[in-house]
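**Student:** Sequence:
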Amino acid sequence: MVSRLVVLISLVLLPLQAIAALTASVDRNPVLAGEFFNLTIRAEQNVKGEQPDTTPLLKNFVVGPTSVRSNTSIINGQVNHTTQWQVELMARNPGTYEIPSFSVANMQSNPLSVKVVPSSTADNQSKDVYIETSMQSDTLYVQQAGVYTVKLFLANDLTEGQLGSPELETANVSQLGKQKESYEIIDGIRYLIIERNYLIQPQKSGQYTIKSPYFKGRIRDNYRTRAASAVGKDIQLNIKPIPQSSSGNWLPSELVTLNEEWQPEKQSYQIGEPITRTITVTALGITKEQLPEINLPTINGVRSYSDQAESNNLVRNGKVISQKVESFALMPQAPGSYTLPEVRVPWFNIITNRTEYATLPERKLTVVGDPNFVQPAISAPIQNNTLPESTQTNTANQTTFETPFYYWPLAILGYVLWLITLVIWWIKRKPATQTGNNDVTPKQSITPLPQLKEALKQNNQRAFYHQLVKLCTLHTGSADLTKLNNMVNNSQFAESVNHLQANLYAGKNHAVDLKFIYQQINNLNKKTKSENELTQLY
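In the working numbering, the protein residues as written are 9 to 546.
Derived from the structure by calculation, the hints contain no laboratory data.
Please note: incorrect hints may appear among the correct ones.
Just the calculated beta-carbon pair ranges, DEER-fashion [said to hold, decoys possible]:
| # | residue 1 | residue 2 | range |
| --- | --- | --- | --- |
| 1 | P108 | Q187 | 35 to 41 Å |
| 2 | N54 | G196 | 51 to 57 Å |
| 3 | E268 | E462 | 36 to 42 Å |
| 4 | N54 | K327 | 54 to 60 Å |
| 5 | N320 | S253 | 29 to 35 Å |
| 6 | G85 | P38 | 39 to 45 Å |
| 7 | Q92 | K212 | 41 to 47 Å |
| 8 | Q316 | Q92 | 44 to 50 Å |
| 9 | K212 | S255 | 19 to 25 Å |
Just so you know, even glycine gets a beta-carbon here, dropped at the ideal spot from N, CA and C.
Make the full structure from the sequences, and use the hints.
**Tutor:** Right, here's the structure in full:
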């Protein structure tokens, strides 16, 4: 009786042992290089919350998505549970590869050996789907940009599909622009060609492999669809290190140029006239992010405001061309001749293997006064009754007469009387002079121009600024508003004037209180006392 019970229990446990099994299999073996096949991992039980780790497969295969499904069946009253995972794999190159064992829910699967054979088709052009990869140069410097081109050829209508991206260790890989589509007849077969360009920028030196992107999808074949896949050839790259002789900003390129434009372009400029200087940097074989910024030195007497730079790149003949455009607003503050120094951008010529410089030559900037500006008032000096020597000479040459005998006594008497009158006037004026200001040149009061007030009412920043420059020129002899800032001696006033200039000539959008600037001019007028008060100007 006991022995029968043991046998019965053993028979019952046999299905349980089968349930605990974990198996792995492939849908075909051998398989073709560049084509997907299915790996199936099956557990004879219900597994929840776990799945096989497919990371080890990445070493030798392109690993697609993993799908999972569970099944429950009842046969002759016995309940069976199964869980199945399916993974799509593709080998890029021929050879024999091992699929390792997997562990799920304390179960271990069997390892597999898969043989990958070359495609039986000798020529890609006889395929319905194939990929071509290319790169103009297989040698790059660190951080040099290369263009990698992928072309997918489709002889049948595509119903669905996915084209991956190239892979390269220790490198920045990004797609350039949008893909292009075209049609071409090859050996009598019409192909749809999908072309993509990728920017490859290695970050470390050494020997590396660009893994080709793969395609997986479904194409139409007569009245049905079928699966299709393809992979291109890998490309070997030799990445050179940065030369030890290189210093400063590392800019590896075949060609770097600098160009400039002036608006307006003329021989001389007026005080306060806005000038736009646009500098363009163009480089071959580097990214737009690598292009350097142009920093112009400060020139006394010329204000400078830089605008936000614009950068872009494009692909021509398999090479990337990058460009950066920077604009500078220049505004002369005083007349004179100014020297704008040479602009230099160092770069490394990958053809000659030496450092070179892209340059803009030194430029002279001539600034003249604005004829529309009112010149500062100047006190009239005491006139000298003595004519210049040249005038006397000319007069003598033109008129000759004889001096009467009474001329000199009368002249001496008149001179003595004039001298006595001058002394009496000086004595009467002396007390007032002693209590006054000891400055040789009395200060002039600053009266805001009516046009300045009118521009304030209209909230016209450009007109207000123009009148402000006129006022500065009138009372300081220069259009440099820093001199007016020094007279006002108020940091908020100086900041407001700077913001006003930036709005007009640097494309900024600062909030400027024109009323505050006008009030500061009035306050300065109240504090300034002068014998030469300005009359109404307009």
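**Student:** Confirm or reject each hint.
**Tutor:** For each hint, the structure was consulted:
1. Taking 35 to 41 Å as the suggested C-beta distance range, the pair P108 and Q187 conforms, at roughly 37 Å.
2. Our hint of 51 to 57 Å for N54 and G196 holds, since their Cβ atoms are close to 55 Å apart.
3. Look at E268 against E462: about 39 Å separates their beta carbons, and that is inside 36 to 42 Å.
4. Checked against the hint of 54 to 60 Å, the C-beta distance between N54 and K327 comes to roughly 58 Å, which is consistent with it.
5. At roughly 31 Å, the beta-carbon separation of N320 and S253 lies within the given 29 to 35 Å, and the hint holds.
6. The given range of 39 to 45 Å is respected by G85 and P38, whose C-beta atoms sit roughly 42 Å from each other.
7. Distance hint check for Q92 and K212: the Cβ-Cβ separation is about 42 Å, which falls inside the suggested range of 41 to 47 Å.
8. A hinted range of 44 to 50 Å is violated for the C-beta pair Q316 and Q92, which are about 57 Å apart.
9. Separation of K212 from S255 is about 20 Å and conforms to the stated range, judged on CB atoms against 19 to 25 Å.
Of the numbered hints listed earlier, the single one contradicted by the structure is hint 8.
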